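> One-letter residues, chain by chain:
Number of protein chains: 2
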Amino acid sequence: MSVTAPLGFRAAGVAAGLKSGDQRDLALVVNDGPSHAAAGVFTANRVQAAPVLWSRQVLAGGRVTAVVLNSGGANACTGPEGFQDTHATAEKAAALLGESAGEIAVCSTGLIGERLPMDALLAGVESAAGQLSRDGGLPAADAIRTTDTVSKISFRRGDGYMVGGMAKGAGMLAPGLATMLCVITTDADVPADRLDAVLRAATAVTFDRLDTDGCMSTNDTVLLLASGAAGVTPAEAEFAEKVTEVCADLARQLLVDAEGATKAVAIEVIGAATVADAVTVGRAVARSNLFKCAVHGEDPNWGRVLSAVGTTDAAFEPERVNVAINGIWICRGGAAGDDRSKVDLRPRDVTVTIDLSAGSESATIHTTDLTAAYVHENSAYST
Amino acid sequence: MSVTAPLGFRAAGVAAGLKSGDQRDLALVVNDGPSHAAAGVFTANRVQAAPVLWSRQVLAGGRVTAVVLNSGGANACTGPEGFQDTHATAEKAAALLGESAGEIAVCSTGLIGERLPMDALLAGVESAAGQLSRDGGLPAADAIRTTDTVSKISFRRGDGYMVGGMAKGAGMLAPGLATMLCVITTDADVPADRLDAVLRAATAVTFDRLDTDGCMSTNDTVLLLASGAAGVTPAEAEFAEKVTEVCADLARQLLVDAEGATKAVAIEVIGAATVADAVTVGRAVARSNLFKCAVHGEDPNWGRVLSAVGTTDAAFEPERVNVAINGIWICRGGAAGDDRSKVDLRPRDVTVTIDLSAGSESATIHTTDLTAAYVHENSAYST
Chain L
1 MSVTAPLGFR
11 AAGVAAGLKS
21 GDQRDLALVV
31 NDGPSHAAAG
41 VFTANRVQAA
51 PVLWSRQVLA
61 GGRVTAVVLN
71 SGGANACTGP
81 EGFQDTHATA
91 EKAAALLGES
101 AGEIAVCSTG
111 LIGERLPMDA
121 LLAGVESAAG
131 QLSRDGGLPA
141 ADAIRTTDTV
151 SKISFRRGDG
161 YMVGGMAKGA
171 GMLAPGLATM
181 LCVITTDADV
191 PADRLDAVLR
201 AATAVTFDRL
211 DTDGCMSTND
221 TVLLLASGAA
231 GVTPAEAEFA
241 EKVTEVCADL
251 ARQLLVDAEG
261 ATKAVAIEVI
271 GAATVADAVT
281 VGRAVARSNL
291 FKCAVHGEDP
301 NWGRVLSAVG
311 TTDAAFEPER
321 VNVAINGIWI
331 CRGGAAGDDR
341 SKVDLRPRDV
351 TVTIDLSAGS
361 ESATIHTTDL
371 TAAYVHENSA
381 YST
Chain U
1 MSVTAPLGFR
11 AAGVAAGLKS
21 GDQRDLALVV
31 NDGPSHAAAG
41 VFTANRVQAA
51 PVLWSRQVLA
61 GGRVTAVVLN
71 SGGANACTGP
81 EGFQDTHATA
91 EKAAALLGES
101 AGEIAVCSTG
111 LIGERLPMDA
121 LLAGVESAAG
131 QLSRDGGLPA
141 ADAIRTTDTV
151 SKISFRRGDG
161 YMVGGMAKGA
171 GMLAPGLATM
181 LCVITTDADV
191 PADRLDAVLR
201 AATAVTFDRL
211 DTDGCMSTND
221 TVLLLASGAA
231 GVTPAEAEFA
241 EKVTEVCADL
251 ARQLLVDAEG
261 ATKAVAIEVI
271 GAATVADAVT
281 VGRAVARSNL
291 FKCAVHGEDP
301 NWGRVLSAVG
311 TTDAAFEPER
321 VNVAINGIWI
331 CRGGAAGDDR
341 SKVDLRPRDV
351 TVTIDLSAGS
361 ESATIHTTDL
371 TAAYVHENSA
381 YST
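Protein chains in written order, with full-length UniProt numbering: chain L, 1 to 383; chain U, 1 to 383.
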């Protein structure tokens, strides 16, 4: 499945020696067409990795014939040399595939601030090009993992076409975009401008509403490639729905695999004056370390929810806010409500509902608990 | 020392039974005059505890004759009943002291969302009033502790007058104000409007630049009371300097005692276009869980610093940013600089210097590392 589920795509995942051991660390995804329409969205971080700077330029043209992805190094904060490394990577793939380097996107993930070992990487690109196959979706998804404990893949079937995808991401998961690499493919025939609109709308309500640790990456990239090989131009609404479903499915997989997490927490903000207010409030709660620790301790601590809501500029009156945790309204009118002992926080999935009583808009932000395992993992591992 | 170091002040700290065991949990500080000029600054959180709402009104009059402080309960998110509880506390102290309730400030700290046990609290106020003494500064400082492992007190001697202070705070330490209760006293003769200006200026560069966990409290209060008992009207600059020194000393004590922390981290931002930019950048780095984990792991991970800087709207160009950790410039021009193995992160005190190369302004934000002990403490303890 993964990115090779739709017709017209081949992929490979190989061990190039960027990571220790024999782990796969380089993936190549090729769009054999007939269409090469593509769209991309990138990190909102102002410190952007070389592959992000490169791929932005590529995507500006609306055409992508292949994507080279590597784990084992982010190629971020590596100066002009780092950009030249990305350029050389695209040139190498272009030469092997007989395509233009200007239509080859590059994505990298791993430690910030160190140059990639280019001899190994370029040899890996050559190896991957020799192993491209219609079955290569899974090895490719495996090759882009860093601290991810599992590969993340997804697909949906539309009316005569398919949408597939792969993603990586377990830490630095925060807004604009949730920190990650993701490639989504389809064999539908959709022009680049339409892909762009669909992808932006889909990521805005999926990856952009994931916030596990409030840390925004320098390398976030989500690409959507269309081969047109199914010979079908899909209905707009259905296509948008399928792409959004794949994004939501992959976002959910990132959340569940977040570093050290033991809980998947949905923060539903309802009764908001605007969607932006709902997102702001959900994000503030998702970023409260004290709230995240309380969830980890299975303590229905609505006071920590309200103290986070109070730091925002959203429209609300403190004495009109209601909060439910797993369906029990333990805060009503800004004060204690139902008996907190009724709240069962043992399940992995936790839902916090915040009713601002200020309007009719809503949004849900997804986060995790904060655990000693997160601290251990991020004290020892460099990203 | 503490709040009774200056002439004209008496204090007491008693066990009222708000906390378990025989721990002190209620403090009373009385200004015997002749002046009762006072100023206060309060949390910027929009969800404000009852004692904050009450004390704001009291301080609007510029006169405070006494302050009642309790740990064992924040009296936040307790509705109109909670406000009545605070009012009753002030009335009780007023009756005992023969003063007006409208000149008695109240401060509370502890769990949000539960009513205080008023019978115990009012009996505690009576007990404290009976134990008021010139030696009561230390018991009072002890009585306001929650997760604080030590009492925080400070004093400075001016030209013919003194400035003393006590504070509590170990978690929910974040801006506007750093989450805490603090009472500062002086026997200088200074009018209320001048106290207000001095206090605002002092807290802006001390408590407001402390950010241990990014969580802003509902109860932050800093009061400055002047008795005039020394009969001295101090030089403005010297008085401001002494008050700022006491604030800085107490802020430092809060930082060092922050929940679970093993490192005291100063984030110096230099070369900023404005002080606001410097504060914004320092705050963003102080709030990066990944950076804080790296410091805990003694990993000089400047990539996590840059990825946090990149989330701000401060004026800077990524390729002109330099970062030093404990004096070693490991990032120059947005890329790897000196050898990171030269950085010694074993000392408790850590200094991260971020040169934005965008101007000549600077500011320092103080934070801590993120540890498994923080998670443990905040998973088990309710605030």
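For the record, the hints were derived by calculation from the structure and aren't laboratory data.
If you're wondering where the values come from, they're calculated on a predicted model, not measured in any experiment.
Cβ atoms here follow ideal geometry from the backbone N, Cα and C, with glycine treated the same way.
Be a bit skeptical, because a hint or two may be false.
As the list claims (entries may be wrong) - Have a look at the derived ranges for each label pair, beta carbon to beta carbon:
hint : chain 1 : residue 1 : chain 2 : residue 2 : range
1    : U       : 357       : L       : 274       : 32 to 42 Å
2    : L       : 157       : U       : 347       : 27 to 37 Å
3    : L       : 315       : U       : 57        : 57 to 67 Å
4    : L       : 123       : U       : 341       : 27 to 37 Å
5    : U       : 159       : L       : 333       : 34 to 44 Å
> Tell me if the beta carbons of residue 123 of chain L and residue 341 of chain U are separated by a distance inside 27 to 37 Å.
Check passed, 28 Å falls within 27 to 37 Å.
> Go ahead and decide if the range 32 to 42 Å is satisfied by the Cβ distance of residue 357 of chain U to residue 274 of chain L.
holds, 38 Å
> Verify the CB-CB distance for residue 157 of chain L and residue 347 of chain U against the hinted window 27 to 37 Å.
Taking Cβ atoms as reference, residue 157 of chain L and residue 347 of chain U lie about 59 Å apart, which means the hint is violated.
> Taking 34 to 44 Å as the stated bounds, is the beta-carbon spacing between residue 159 of chain U and residue 333 of chain L within them?
violated, 53 Å
> Looking only at beta-carbon atoms, does the pair residue 315 of chain L, residue 57 of chain U fall within the given range of 57 to 67 Å?
Between residue 315 of chain L and residue 57 of chain U, where Cβ atoms are some 25 Å apart, the hint is violated.
Hints 2, 3, 5 from the earlier list are contradicted by this structure; the remaining hints agree with it.
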